[in-house]
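*Asks:* Sequences are here, hints too, so could you generate the full structure?
4 protein chains.
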Amino acid sequence: MKEHEYTHYVNYYETDRMGITHHSNYVRWMEEARLSFLDSIGWSLLRFEEEGVVSPVVSLECRYKKTTTFGDNVKITVKPESFNGVKLSLSYLMKNEEDEIVFEGSSMHCFLDRNGYPLRMKKDYPEFYESLRGLLE
Amino acid sequence: MKEHEYTHYVNYYETDRMGITHHSNYVRWMEEARLSFLDSIGWSLLRFEEEGVVSPVVSLECRYKKTTTFGDNVKITVKPESFNGVKLSLSYLMKNEEDEIVFEGSSMHCFLDRNGYPLRMKKDYPEFYESLRGLLE
Amino acid sequence: MKEHEYTHYVNYYETDRMGITHHSNYVRWMEEARLSFLDSIGWSLLRFEEEGVVSPVVSLECRYKKTTTFGDNVKITVKPESFNGVKLSLSYLMKNEEDEIVFEGSSMHCFLDRNGYPLRMKKDYPEFYESLRGLLE
Amino acid sequence: MKEHEYTHYVNYYETDRMGITHHSNYVRWMEEARLSFLDSIGWSLLRFEEEGVVSPVVSLECRYKKTTTFGDNVKITVKPESFNGVKLSLSYLMKNEEDEIVFEGSSMHCFLDRNGYPLRMKKDYPEFYESLRGLLE
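These protein sequence lines are chains A, B, C and D, in that order. Each residue of the first sequence is one higher than the one before, starting from 1 at the first, in the numbering used here. Each residue of the second sequence is one higher than the one before, starting from 1 at the first, in the numbering used here. Each residue of the third sequence is one higher than the one before, starting from 1 at the first, in the numbering used here. Each residue of the fourth sequence is one higher than the one before, starting from 1 at the first, in the numbering used here.
Copies of the same chain look alike in the list, so a pair counts if it works inside one copy or between any two.
Keeping only pairs whose Cα atoms sit at most 30 Å apart, straight-line, the calculated DSS-like set for lysine-lysine is:
no. : residue 1 : residue 2
1   : LYS65     : LYS122
2   : LYS66     : LYS123
3   : LYS122    : LYS66
4   : LYS123    : LYS65
5   : LYS95     : LYS75
6   : LYS65     : LYS79
7   : LYS122    : LYS87
8   : LYS122    : LYS2
9   : LYS66     : LYS95
10  : LYS95     : LYS2
11  : LYS95     : LYS79
Calculated directly from the structure, the hints in this document are not laboratory data.
*Replies:* Dropping the structure here:
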């Protein structure tokens, strides 16, 4: 199992005046799916927080393919794409209930300690490093 | 001057599928106006944070009178209604550019120290207490 | 069954700088729970939309009892409190996983047709009226 | 003048549990700045709506350089990068009050008519086409 599935039900307050989901919400769903993925491999955000590790978003890419709206169930597949111990890249594929792709995206993350210094996860958190590397092969 | 004026320009992403401002956003605008009011009397949230004071929302009341939407300038008037040193009550009146009332509301706040204990502002922060009491007379 | 249960998982993006759920989000969860309740009695928002009925929020009351934060499962109970065919009042009780009350609130709604005219649901939508009245007894 | 300046004041409700602006909000600020830019060249979203033109976001790129938080004034510069009459690309540069770059991004947009068919703006809206092309030279 190298990818993780997560479903987001589109809320009414996520729609906009065009009648569709406002595009900024997909970025939030990426976060929902990402945290669910990390949780599934034993590294919940709460565990990171306890360890004093923060993992900010370095960059994002979003490609909007089809609209969604209130009441839709959006299936999100998250997958690690690369990880050198310093930067982690994840990809996201979102589909509607007709199995059509509605969104493709990616996010890049780094890992910082309590003082904001970059961590080298291979050395500092080898267990996390190995878990993720294992999903890349 | 016992009341404070603040203007919020309605953003596109604040509208919903009905074509109007989603009702949850008025709660955010109440916060914007409240923090602007506190700043105007010398008690910015940043100052409170430095002092280790937090001021959570205890309760809210919202009455929606007319809809607003993207592009509207909403004029918000904030006014302290009562303050006994423990609980602060503020009222909010929002008008559109035609000077029609679109929203009326109120919020109640308490004041806590770093450890979550209630502060008695008359004793603990007399300067703040007097500023606010002065606006009530 | 006169009340409806709904669970909201608190997302990271719903927290604020105090480390807790921003208070505006509870208003959104009230909507989530309300739409889930209406759906459960056969009156999804999509059905209302097809009929050309809109049901704006007339007023809200929110009482914040305890904080919640990222990762919490908040159990929300929605219950109709009164309904005269013109105005519908609902109450909301939210509890954390320790079964402590975190929030109490209520919302009032009216029903409008496509042209914005008030509907009298007893006459115009007797099936909906009876469903809700049945839950009140 | 080929670029447009817009300032966003960071609201308290835009921060998250890390104490900083949640990354999804930058996407909303891109929209604020974009609509302000289009307004400045005479093509407000309201004008587009009256004409029956919608302009969805096709793709986004976001690069986060430095954190911002509540109380910051973020200066946003928007600039058209390319426009062939079918797809419009805009770039965004955001700076803090110390004039440090906090965010760089871009967005791609297309233009659709009421029925969802792609418009060729050079032919269908030559005035808009020429305005934008003039800013590219």
